[in-house]
Amino acid sequence: MIEALQNLFWILIFPGFVFTVALGLFASWIVRKVSALVQWRVGPPLFQPLYDIMKLMGKEILIPQDAQRTVFLAVPLVGLAGVLLLSTMLWRITIAQTAFVGDIIVAIYLMVLPSLALILGSSASASPHAAVGTSREMKLVMGYELPLVLAFIVVIIKTGGQLNLAEIAGYTPALSISGMLAFLTALLCVQAKLGFVPFDIAESETEVASGIIIEYSGALLAAWKLMHAMMLVALPMFLVMVFLGGFGTAGWPLVWGIGKYVLVLVLLILIKNTNPRVRIDQAMKFFWFYCGIALVVAVILASIGNYYGISWL
Amino acid sequence: MNQQELNNRLSEIKDKLIDDIEQKADNRIFLLCEAENSYAVNKFLFEDVPLRFLIATGIDSDDCFEVLYHYSYDQTGCMVTLKAFIRDREKPTIDSIAPFLPAAEWIERETHDILGIDFNNHPDMRRLILSDDWPEGVYPLRKDAQIPAQRPDGEPSSRPTVQSQSPARRTVELSKPVVVVGPFHPLQEEMEFFQLTVDGEIVTDIDMRISYNHRGIEKISESLQFDQVPFLVSRICGICSASHPLAYVNAVEELAGVTAPDRAQYIRVIINEFERIHSHLLWVGLAGHFIGYDTVFMWAWKYREPVLDLLEEITGNRNNYGNVKVGGCREDIPNELKPKILKELDKLEKKTEMLTKAVLDDPVLHARLKGVGILSKEDAVKYAVTGPTARGSGVDIDVRRDNPYAVYADLDWKVIVQPEGDVFAKAVVRLLEVLESVKMTREAIKKIPDGPITVEVKEIPPGEACGCAEAPRGETFHYVRSDGGNRPIRHKVRAPSYVNVPSFRASCIGQPIPDVTITLAAVDPCYSCTERLAVVDGHSKVLHDYEALLKLSREKTARIKKEIGGPEFKLEDF
Amino acid sequence: MSATAKREPRQTGREFMSWKIWSLKKSVWVFHVNTGACNNCDIEIVNLLTPKFDIERFGMKLVGSPRHADALLVTGGVTAQAAPRLREVYRQTPKPCVVFAIGACGCGTGIFRSGYHIVGPVDKIIREIDPNAIIAYVPGCPPKPEAMISGVVKALSVL
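In order, the protein sequences belong to chains B, Z and U. Residue numbers for the first sequence follow the numbering used here, so the first one is 380 and each next one is one higher. Residue numbers for the second sequence follow the numbering used here, so the first one is 82 and each next one is one higher. Residue numbers for the third sequence follow the numbering used here, so the first one is 0 and each next one is one higher.
Treat each hint with caution, since some may be false.
[As the list claims (entries may be wrong)] Quick list of in silico lysine to aspartate or glutamate cross-link-like pairs, EDC-like style, CA-CA up to 16 angstroms:
no.	chain 1	residue 1	chain 2	residue 2
1	U	K143	Z	D390
2	U	K143	Z	E393
3	U	K51	Z	E386
4	B	K412	U	D53
[What the hints assert, rightly or not] A short list of chain Z residues far from chain U (calculated; beta carbon distances all over 10 angstroms):
no.	residue
5	R207
6	E335
7	K458
8	G475
9	D503
10	I526
11	E540
Think of the hints as simulated: they come from the structure by calculation, not from any bench. These numbers come from a predicted model, not from an experiment. We treat Cβ as the ideally placed atom computed from N, Cα and C, and that holds for glycine.
With the hints as extra help, turn the sequences into a complete structure.
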């Protein structure tokens, strides 16, 4: 009983829903503010993402007449649940050492849920505009999932077959050639997963918002925005734990960990602001061909390094 | 051919096809004929002489209908108008000239809509400018038109009704938050502004519906006094708002036989050239936005602001200046303002030169815009396009030189022409025109004489006259007819976009989809025109909308940039 | 400039309603509708995005779909062809929402009053389907971007 309540607390308050949402809204403010400054504008005030969510909660929900009602209404929550579990899991591992063998695989599965939810939601919208976004998002997901998994495999090889996130976080694979290759590739895949330029083909963050969530409004739209904000917490965290040596819980390692998280966030923002959008087939070619080759090379290097004990490979 | 030779040429068909030739002035000729002969005369004028087609005007005179076909002979700046009289008031018909003159297609559809004249053999007599639910048989520009007082407010028929509980919601809390609405996005209807039919990646056909902006200006003009009309016509299009009143005033001053004082003419030139500068910069910004260079967009619109501020200091408004009146100008340019204007012009010239150089040198822009949306010279003539659209296709016409008004004949400037006909050529034309405008304005500011800015006009005698002006988009043409009273009895307005826009049929067909937005933008139509866009495949299934096409366009730019490795515009460079 | 918002006395559920309106004021997503304008107002609206005016400071942003919008910036004295579209867009905007009639044309058809193709200013068209709509007026021909921002902010403070 106590344990159930404890679990509920962890999932809903800390480090689960409330904590992740707060951190996520702050992270999305950082993204918007930095983008505005780069464009010589002032940008939004600090609590703007929170106001956006609150406002959306107060609006009507309009459902297209031909939409698949159940799917339309349910999938934002599915996506939200996926990210929530991922974030809770990652933070618990950092704070309370509750890692288990194979948790990295569970994390990879959970990461797919938000993208799947977006695809299902937009195809349930019964709108031609959303349909365009659906097909593009599907292609994009097919594009980057494989390189992402390959990148993690590189790390698994480098750490000598560890499938336990807490152990992996003890290493810093990015400080090697294959690890750096894998890190950069994973970074770009995360860029695509977050729907940031140059891979925001399915939905644009600025005013030209056609595509996957065009038919959503009100509280459902708020759910999508929340999901996106939480992904801004969970995914860079994941990258930090796998590639950059994880998060400490107190003192210097904590500050260092926060620094690493901020570094990943800054990299995402920089890439976002210095590139135009790419076409979908260009994106797929980029992920399958270029990233694929880079990762095959990385796997080979990592295997050699692991076999011969050369850590910088 | 000089003027005398032109007169001789026109006399050839006298007594055979036309009944009379009236020479109102050296360069204003009116040919009179009956409706039965109009086809032959038009063919002669367009193909044999040849003249440039401007527009056609339908008029409801008391005992007959008239259709006026206006032509221009650019070498001497002569305007030739063919007046075709339709005697049958019950069932007015005339032969369509669209089979050999595509530029006439739209105006004949419009004349049918507003006057009820039938055009035989017109390829496509669909409704053009009146709304879908406008009743049949009500022709607004007829003198006896019965405009329904209770305007028809039809619901769009093809769309299922929307049930929203909104009216009751504000007083009922906690009601079900979920409502059911129609399945389609509101901006997607069958009657889209632009509708492209595609086969795979290539555009095979393009259609346009322009009723959304129709406000019935020509009819409103008939109810205003001559002096009030400039305020009306400056609101035809926000960004040509100095050119329309100037063309109208040119026509009325010709009719009344007055000339505005020199200082007023200089002021008119200065205001018009400022408008050209900020309109072209607006276009540059939009073009950049379409192909993904958002820094160019923000740069161009940032540098428009000083020009708009100057205009506000002179006339009191950033747009819609209200400065031109019959007989002169309303607002003077204070002499204390001159140094500031010259300083701003210098700054602007520097920045525009940098941008022009950057555009001319950028390999990505070359790859993105060269060879795209080509409008050949023959098509440019057939569709009677004007302005940078024409000059970018090698057609050397410019009203300021061919049919000079105000003081353009006294200033030192040149017409910019590029032969290629693609979007790149039109961009170059516009950028170089900005530099020419800066030069012209500088000269005008230095040379402006002192004196009065208005001359009194007592009355407008009966008669008719044509006036034109070179708007940023091309030639604006106004035709005014008066019966001696206070108001025009017919005022025909032709905006340059009216002839430029249909040329899409020639330039867009055969283009791949990502190039559509930039090809459409190259004509520089009003911004709201290009917002409504849809792409359908052969079976009328909507594939893309405007935002999607915008993305495609920018993606292509990014792809080209990757392949070429071109430089990125940095805001700090400017 | 005037910003008159039509208000109904809200007795029931006032507390429940007020947080919705409060957060609406903090985060206004704007959708632009052109019902037959001469483009002056439309260009000034696009000017709002540029660095000189930057509406994102106020939490406003331009969205591409009425489903995401809280405020409609409507320009143009409504033409007969555009009127059904305007009504459709209004219906598909989730309530609560504010309609801004921008410019002389939007507020009262402006100089095109006697045009045969004009079916009436924005508020007439909107009230045909929703008599309780919240409509604010920003006159001008065109209103300067500063005027538009001021009008929007004023209207929101009256809500």
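Hints and how they fare:
1. Between U/K143 and Z/D390 the CA atoms are separated by roughly 11 angstroms; this keeps the pair inside 16 angstroms, and the hint holds.
2. This hinted pair checks out: U/K143 and Z/E393 have alpha carbons roughly 11 angstroms apart, not beyond 16 angstroms.
3. Between U/K51 and Z/E386 the alpha-carbon distance is near 9 angstroms, which keeps this suggested pair within the 16 angstroms criterion.
4. In summary, the hint linking B/K412 to U/D53 is supported, as the alpha carbons are separated by about 12 angstroms, within the 16 angstroms threshold.
5. With a closest Cβ-Cβ approach of about 14 angstroms to chain U, Z/R207 is found to remain outside the 10 angstroms limit, as its non-interface label requires.
6. The claim that Z/E335 is not at the interface with chain U holds, since no C-beta of that chain comes within 10 angstroms of its own (minimum 25 angstroms).
7. Its beta-carbon lying about 30 angstroms from the closest one in chain U, Z/K458 satisfies the requirement of being farther than 10 angstroms from that chain.
8. No Cβ of chain U comes within 10 angstroms of the Cβ of Z/G475; the nearest lies about 29 angstroms off, and the non-interface call holds.
9. Every CB of chain U lies more than 10 angstroms from the CB of Z/D503, the least distance being 26 angstroms, so the non-interface label holds.
10. Here Z/I526 stays apart from chain U, with its beta-carbon at least about 26 angstroms from theirs, past the 10 angstroms limit.
11. Listed as a non-interface residue, Z/E540 keeps its Cβ farther than 10 angstroms from every Cβ of chain U; the least gap is roughly 24 angstroms.
Violated hints for the displayed structure: none, as all numbered hints are satisfied.
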